[in-house]
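Asks: Protein chains in written order, with my numbering: chain A, 1 to 115; chain B, 1 to 115.
Please note that a few of the clues may not be correct.
Said to hold, decoys possible - Partner residues aside, some chain B positions facing chain A, computed with beta carbon under 8 Å:
#, residue
1, Trp22
2, Gln41
3, Gly53
4, Gln101
5, Thr103
Said to hold, decoys possible - Counterexamples of contact, computed for chain A against chain B with all Cβ distances above 12 Å:
#, residue
6, Asn12
7, Val27
8, Gln45
9, Ile51
Simulated from the structure, these hints should not be mistaken for laboratory data. Think of the CB as a built atom: it goes at the ideal place given N, C-alpha and C, for glycine as much as any other residue.
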Amino acid sequence: AQSVAQPEDQVNVAEGNPLTVKCTYSVSGNPYLFWYVQYPNRGLQFLLKYITGDNLVKGSYGFEAEFNKSQTSFHLKKPSALVSDSALYFCAVSDGDQAGTALIFGKGTTLSVSS
Amino acid sequence: EAGVAQSPRYKIIEKRQSVAFWCNPISGHATLYWYQQILGQGPKLLIQFQNNGVVDDSQLPKDRFSAERLKGVDSTLKIQPAKLEDSAVYLCASSLVWTPQETQYFGPGTRLLVL
């Protein structure tokens, strides 16, 4: 069965510092990995995804994520955090070997960026 | 391009009452999803449509939840009768096609409170 773990409920970082939000996954087939962000009273906004190819994926708002197959991880990163990055971040996985499978989400990590 | 539209944004009902949520996906998107997001958790898939056919409703509590997607465009999710544990945000998402690597785009959600 597919699963996603986001080990940190909250990540705190000062503005201008680099940030990392961790995600590990478990899937029987080929993993397709996604990051979404959720602002208060808003739906989920797509940030980036890994399907195949380069392990470093670049996405919206300066975010990037690195796929590591041996560690089954897909950590979200940004070189310099902004206060406006404060939000709830979700990692999700689907099984590339099963057509039509739904996304399985982690429980989310709250990112708090202080000025 | 218009995003996924949902209504109402908020709903408060008493237990044992019924409620319905509406979703209009991005134009041209064949696949539509309904997710339930309980506070402190990631979204969980309830039902997935491909055009107007159901492809996955394995996690839909069918004794009280129902959904339809007439004409393969907009969709309605109904709860009857509601229970306290149904309090959650109900998210609608759509994607262009029904493949595991396809990005899902989410609406703003409907926040339901059952008293």
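Asks: Does each hint fit the structure? Answer for all of them.
Replies: Do the hints match the structure? See the list:
The closest approach between the C-beta of Trp22 of chain B and any C-beta of chain A is roughly 15 Å, which is over the 8 Å cut-off, so the hint fails. The interface hint given for Gln41 of chain B holds, since its Cβ lies 5 Å from the closest Cβ of chain A, which is under the 8 Å cut-off. Restraint check, Gly53 of chain B versus chain A: the minimum CB separation of about 11 Å is more than 8 Å; hint violated. Because the beta carbon of Gln101 of chain B sits about 5 Å from the nearest beta carbon in chain A, less than 8 Å, this interface hint is met.
Interface restraint check: Thr103 of chain B against chain A, minimum CB-CB distance 5 Å, threshold 8 Å, status holds. Here Asn12 of chain A stays apart from chain B, with its beta-carbon at least about 18 Å from theirs, past the 12 Å limit. A beta-carbon of chain B is positioned within 12 Å of the beta-carbon of Val27 of chain A; the least distance is around 10 Å. A cut-off of 12 Å between C-beta atoms contradicts the statement that Gln45 of chain A is not in contact with chain B; the least separation is 7 Å.
Consistency note on Ile51 of chain A: stated as away from chain B, yet its beta-carbon is not over 12 Å from all of that chain's, at 5 Å minimum.
Violation of the numbered hints given earlier is confined to hints 1, 3, 7, 8 and 9; the remaining hints are satisfied by the structure.
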